[in-house]
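There are 6 protein chains.
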Amino acid sequence: MRPSGRQPDQMRDIRITRHFTRHAEGSVLVEFGDTKVICTATVDRGVPRFLRGSGSGWVTAEYGMLPRSTNTRSDREAARGKQTGRTIEIQRLIGRSLRAALDLNKLGENTITIDCDVIQADGGTRTASITGACVALMDAIAVLKKDKNGAMKGNPVKQMIAAVSVGIYKGEPVLDLDYAEDSAAETDMNVIMTDAGGFIEVQGTAEGAPYSQDELNAMLALARKGISELLELQQQALAD
Amino acid sequence: MRPSGRQPDQMRDIRITRHFTRHAEGSVLVEFGDTKVICTATVDRGVPRFLRGSGSGWVTAEYGMLPRSTNTRSDREAARGKQTGRTIEIQRLIGRSLRAALDLNKLGENTITIDCDVIQADGGTRTASITGACVALMDAIAVLKKDKNGAMKGNPVKQMIAAVSVGIYKGEPVLDLDYAEDSAAETDMNVIMTDAGGFIEVQGTAEGAPYSQDELNAMLALARKGISELLELQQQALAD
Amino acid sequence: MRPSGRQPDQMRDIRITRHFTRHAEGSVLVEFGDTKVICTATVDRGVPRFLRGSGSGWVTAEYGMLPRSTNTRSDREAARGKQTGRTIEIQRLIGRSLRAALDLNKLGENTITIDCDVIQADGGTRTASITGACVALMDAIAVLKKDKNGAMKGNPVKQMIAAVSVGIYKGEPVLDLDYAEDSAAETDMNVIMTDAGGFIEVQGTAEGAPYSQDELNAMLALARKGISELLELQQQALAD
Amino acid sequence: MRPSGRQPDQMRDIRITRHFTRHAEGSVLVEFGDTKVICTATVDRGVPRFLRGSGSGWVTAEYGMLPRSTNTRSDREAARGKQTGRTIEIQRLIGRSLRAALDLNKLGENTITIDCDVIQADGGTRTASITGACVALMDAIAVLKKDKNGAMKGNPVKQMIAAVSVGIYKGEPVLDLDYAEDSAAETDMNVIMTDAGGFIEVQGTAEGAPYSQDELNAMLALARKGISELLELQQQALAD
Amino acid sequence: MRPSGRQPDQMRDIRITRHFTRHAEGSVLVEFGDTKVICTATVDRGVPRFLRGSGSGWVTAEYGMLPRSTNTRSDREAARGKQTGRTIEIQRLIGRSLRAALDLNKLGENTITIDCDVIQADGGTRTASITGACVALMDAIAVLKKDKNGAMKGNPVKQMIAAVSVGIYKGEPVLDLDYAEDSAAETDMNVIMTDAGGFIEVQGTAEGAPYSQDELNAMLALARKGISELLELQQQALAD
Amino acid sequence: MRPSGRQPDQMRDIRITRHFTRHAEGSVLVEFGDTKVICTATVDRGVPRFLRGSGSGWVTAEYGMLPRSTNTRSDREAARGKQTGRTIEIQRLIGRSLRAALDLNKLGENTITIDCDVIQADGGTRTASITGACVALMDAIAVLKKDKNGAMKGNPVKQMIAAVSVGIYKGEPVLDLDYAEDSAAETDMNVIMTDAGGFIEVQGTAEGAPYSQDELNAMLALARKGISELLELQQQALAD
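Chains as they are written, first to last, in full-length UniProt numbering: chain A, 1 to 240; chain B, 1 to 240; chain C, 1 to 240; chain D, 1 to 240; chain E, 1 to 240; chain F, 1 to 240.
Derived by calculation from the structure, the hints in this document are not laboratory data. Do not rely on the hints blindly, as some may be mistaken.
Copies of the same chain are indistinguishable here, so a pair counts whether it falls within one copy or spans any two.
[Unchecked claim] Once the Cα atoms are required to be at most 30 Å apart in a straight line, the calculated DSS-like pairs of lysine-lysine come out as:
id	residue 1	residue 2
1	K146	K225
2	K146	K158
3	K82	K145
4	K170	K146
5	K106	K153
All chains, please: the whole structure from these sequences, using the hints.
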């Protein structure tokens with residue numbers, strides 16, 4: 001039934017490659033099937049003005065797509081002079097989600113900037129970004145731990161987080177939508193959860209018909225399954 | 001327990017005033033307690049380029065806050081030369097939600113532009129905006145119906161929609177958060193539903209601790225109650 | 001002769017409502033007939049860089065129109081990323097005029113920001129804005145007087161100011177033009193005066209034929225009459 | 001009494017040099033003492049969208065100052081990415097004034113763009129710009145007259161216009177203020193008149209104390225004298 | 001002598017990987033040692049306005065660096081709302097160079113857009129970009145050749161081009177500078193040549209002391225050697 | 001053979017007029033035939049952030065063309081809100097070249113800003129700008145020398161620089177191209193040299209066919225001749 005021939009509750013092949021580029025404190029290539037995102041985490045001393053002197057750290061995120069990561073070329077945002085609304089919405093979601101992984105007070109007055117750059121897109125770029133960025137964040141925290149001047153106050157990591165998309169496609173709940181499904185789905189939902197099974201964010205949008213409470217529950221059950229697999233793969237990557 | 005003394009499942013006083021300003025095809029002042037938003041609906045012939053020749057219409061929305069609608073003055077976005085990420089996120093949500101109310105094919109090649117301008121803010125501006133804008137949209141459709149040249153193809157109204165915020169405040173699920181609650185809530189969720197009880201959009205964000213499936217369900221139950229009251233008030237306003 | 005049936009020297013119904021919104025130090029709804037403007041005054045400690053350490057305060061103004069305050073919707077300036085030339089011209093005029101009402105040295109190093117937002121337009125928005133904003137400014141000054149840390153040096157209020165438009169319409173000088181007159185007038189003049197009868201600003205533009213010294217004098221006489229009525233209404237509002 | 005030793009009703013040395021640069025249809029260097037402005041007039045076929053098909057032409061103006069035309073360098077507006085409010089105000093004034101010189105219907109669907117670029121500033125740049133630009137405009141009209149395809153409908157020139165500043169300096173009305181006077185004047189007024197003695201625009205601003213009707217009249221009398229001299233010099237330049 | 005231990009006339013390891021991403025007509029990963037750039041070529045029907053109806057095609061290029069492709073994170077240009085001067089200079093060079101590879105008249109009214117996105121930087125990003133982009137361009141031309149509607153008029157490929165940097169480092173001419181050399185070089189020169197040995201562009205800048213004609217000649221000799229190696233590698237990649 | 005009738009190795013008439021405007025520390029009108037550029041040099045205490053505390057000074061440049069300096073009017077960059085790529089490329093070249101004239105450490109923490117504004121263009125505006133700006137720079141340095149608080153550390157002038165364009169026009173190498181030649185040249189090269197005969201920058205672009213090493217050498221020989229004449233004229237101007 002699915003264009004890819006997958007089972008409704010089947011994720012695509014997931015790959016998480018650490019140390020993908022060499023300059024960043026954390027650098028991960030995350031692949032959800034044909035969706036490929038470079039996630040880097042950069043550590044800087046200091047925090048934005050609204051936190052100065054608070055003792056608290058900050059995590060922020062930026063997102064971009066290479067112009068030809070998609071089937072038809074989209075304008076380069078740097079050349080247009082403006083990020084699209086979609087980009088802004090996504091990078092706010094990534095930043096918010098990753099802040100939930102940390103105790104910002106323990107981070108000390110450090111800022112971690114996450115960059116998620118999509119080099120090839122096939123649906124689910126925001127959930128791949130969050131899942132990969134969380135691994136890059138762990139690598140950046142590890143660098144900060146070794147830094148005598150980093151001034152962290154204990155381990156800031158509260159929990160791992162991962163994200164997956166679910167949806168209703170041709171009337172049936174499915175897990176981890178690719179582009180062919182995403183563009184035709186009746187409902188599209190992004191779910192971000194912790195390794196303790198709590199929700200960080202649920203965003204479900206009816207693209208066609210409204211969805212019912214039962215459909216919502218079915219999608220959340222699929223998301224729970226997918227996220228537990230992603231959390232396992234994150235741990236394997238971090239163990240390498 | 002709530003700062004306002006309300007019951008957990010109690011909405012604020014809601015007022016919907018039609019024909020608030022005189023130029024727009026639809027013009028509504030919506031009040032959720034001290035949150036006050038002017039919602040106008042403007043009808044224009046023609047559609048954006050990507051729809052030309054498709055026979056389909058379009059609904060889009062823009063959102064703004066007067067600089068001193070809030071407790072401390074925020075920069076005027078027109079003077080900064082840029083809308084904030086929050087504004088962009090909200091206006092995309094409003095537009096997406098209102099498009100769900102209509103059959104755009106029946107609208108014909110007309111564009112309805114919704115403007116939601118907050119003149120006083122006390123939490124819940126996006127849900128008030130959607131609820132009020134849906135009424136302004138109905139007035140605009142009524143104008144278009146009378147217009148011989150409007151070229152609608154039957155009644156484009158599929159369903160009424162309304163929106164409310166729910167959240168976990170001091171550990172308890174509450175309905176229709178005001179600013180005092182919103183800024184201290186552990187979880188904040190915006191729910192948009194149809195008059196048939198389907199979900200158009202659910203956006204739930206853990207601001208502090210993650211939330212559980214039970215908490216999610218409790219919040220959705222409150223939202224369902226609040227939205228049924230709002231749908232009733234919309235009908236009363238439209239009956240006047 | 002006038003589209004509204006008014007006498008040449010007759011103002012529209014004027015209403016000045018204080019405390020229109022609840023957050024700002026001064027908040028006034030001013031109505032010149034169907035022209036309705038929300039004027040707020042915000043007090044902030046500190047001054048722009050060019051005045052730091054001077055001991056002097058500052059008053060600045062911003063102006064905007066809701067997109068559908070006019071008969072056809074105009075682009076939202078925040079979305080365009082740019083204020084129009086007209087907006088910039090008007091807000092410079094408002095700020096300059098209100099600075100004339102105060103002794104900025106006595107204000108101390110405080111900044112008062114005036115926001116004039118037109119929610120419904122029917123001609124004369126800039127003169128209504130100045131007239132209403134002067135009342136909001138008085139309320140803001142009163143708040144500052146009660147503030148022990150506000151550091152004013154005596155009463156900064158030198159004089160009340162008010163503004164009105166006059167013009168030549170169908171060959172005859174008229175007072176307080178509405179949109180129907182304004183868009184067809186041969187000459188359009190905005191006059192801002194003090195309660196002692198001095199001129200703060202005179203801006204007279206020939207839209208069609210040039211105007212003579214006699215016409216100029218006739219318009220100024222009308223303006224003088226209108227402004228004395230506005231100053232009276234400002235006092236009544238402040239006395240409430 | 002005046003820093004320059006001039007009489008209160010004495011203009012600075014005025015020079016109007018036609019054909020100053022070689023590419024533009026009209027190109028004038030205008031000098032009001034040490035204020036030097038290059039005014040060019042460019043003729044283009046066609047009109048802005050709002051006039052297409054109307055048969056009417058258009059005149060528009062842009063103004064700029066070389067960054068070091070002033071005593072301290074000001075930011076280059078092209079590099080800042082934004083024209084200042086002052087620039088926008090001035091170029092709107094120049095355009096409006098020059099449109100008053102022509103019958104735009106007779107101009108046919110042609111656009112004349114005036115560029116006024118200040119290469120050295122010493123007060124009065126906007127009045128010098130208008131006075132010089134009117135001469136450049138005449139040269140551009142002459143080019144258009146010879147153009148068989150220009151499609152003018154008769155002579156579009158209704159009248160010559162010229163502009164001068166007047167003010168109250170140390171309590172006394174003075175004509176054609178230089179920078180030393182302008183920056184210390186109590187009142188600053190720009191007056192634009194036709195060769196038939198009518199007013200096109202009067203803009204008088206109290207920088208310090210308000211001004212009286214008598215002072216207004218005294219300033220207008222000075223302006224009338226100065227403008228008649230300028231109109232004479234324009235004619236001499238055009239006769240060369 | 002060189003930080004990398006290379007001989008003065010030794011290139012870094014060069015790798016050219018075609019079909020690196022799957023959506024673009026041409027997609028190449030080019031590596032000059034640790035410098036890695038994704039070069040894509042996108043084919044669109046139609047040309048920019050200034051070429052419409054001319055029968056001629058167009059090639060244009062855009063360049064960007066991922067924020068953390070460098071040792072310290074640079075601002076994301078899309079978020080700043082502006083490309084840097086360096087970016088603009090580089091993308092103009094890339095576009096100009098690649099246009100030299102083609103006979104644009106034979107291309108027909110098609111536009112090929114080159115995107116060069118640096119994912120890891122270690123000096124020489126512009127020369128790597130040009131060298132890789134020329135291969136991507138060939139793949140795009142091959143796609144266009146098979147397209148019945150592409151309307152090319154014969155083979156538009158005039159010549160292959162490749163680019164390399166040379167410089168004076170510690171007094172000695174060296175080939176293909178990495179970042180450690182580039183940031184300390186006295187002279188930095190970028191050379192772009194055809195497979196027939198002609199120069200397309202030479203840009204040599206003295207960063208420290210001026211350079212002599214002899215040094216210029218020595219650098220050009222090194223460039224000639226490096227470029228012949230690059231042209232060979234391009235052919236091998238295209239033969240795969 | 002040349003449109004102007006000049007010999008292949010003949011410069012246009014060159015004029016360098018110092019003290020052209022009165023406010024700037026250095027102000028030069030430079031004319032290369034019909035190309036006329038105002039070059040000013042402004043001295044400011046302090047340096048950009050990246051140099052603060054380094055003891056080193058800075059030289060930066062900005063470039064602009066009056067909209068009608070060219071045959072057809074180009075958009076005013078200040079009004080477009082953006083400098084073109086060409087402008088940015090040119091001003092970077094001017095700044096880089098002039099920094100090569102000075103020992104920035106001896107300049108002390110002062111910034112010299114060069115503004116090159118083209119009032120009439122006929123090819124070669126960038127080389128005229130550099131040649132004229134170097135003279136303005138000398139005048140600014142002289143002002144700084146007399147300034148007790150300027151805090152220079154000895155004479156920062158290392159060498160004079162001058163610039164000229166050369167090219168291949170109708171198959172023959174020519175010196176100092178005017179617009180008629182420039183727009184038809186097969187190769188266009190800008191050369192910047194010191195008074196000791198070293199190269200500061202060479203930028204040679206094949207506009208049509210690639211160029212050979214022999215042609216490169218021939219162009220450099222012409223450039224050397226032209227630059228020696230320019231250096232002589234700079235000295236004459238500075239001696240006045």
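Taking the hints in turn, this is what the structure says about them:
1. K146 x K225: Result: close neither inside a copy nor across copies, 35 Å intra and 45 Å inter.
2. K146 x K158: within (19 Å within a copy, 47 Å between copies)
3. K82 x K145: This pair counts as neither: shortest intra-copy Cα distance 36 Å, inter-copy 35 Å.
4. K170 x K146: Neither. Shortest intra-copy (51 Å) and inter-copy (36 Å) distances fail the 30 Å Cα cut-off.
5. K106 x K153: within (5 Å within a copy, 46 Å between copies)
In summary, the numbered hints that this structure violates are 1, 3, 4.
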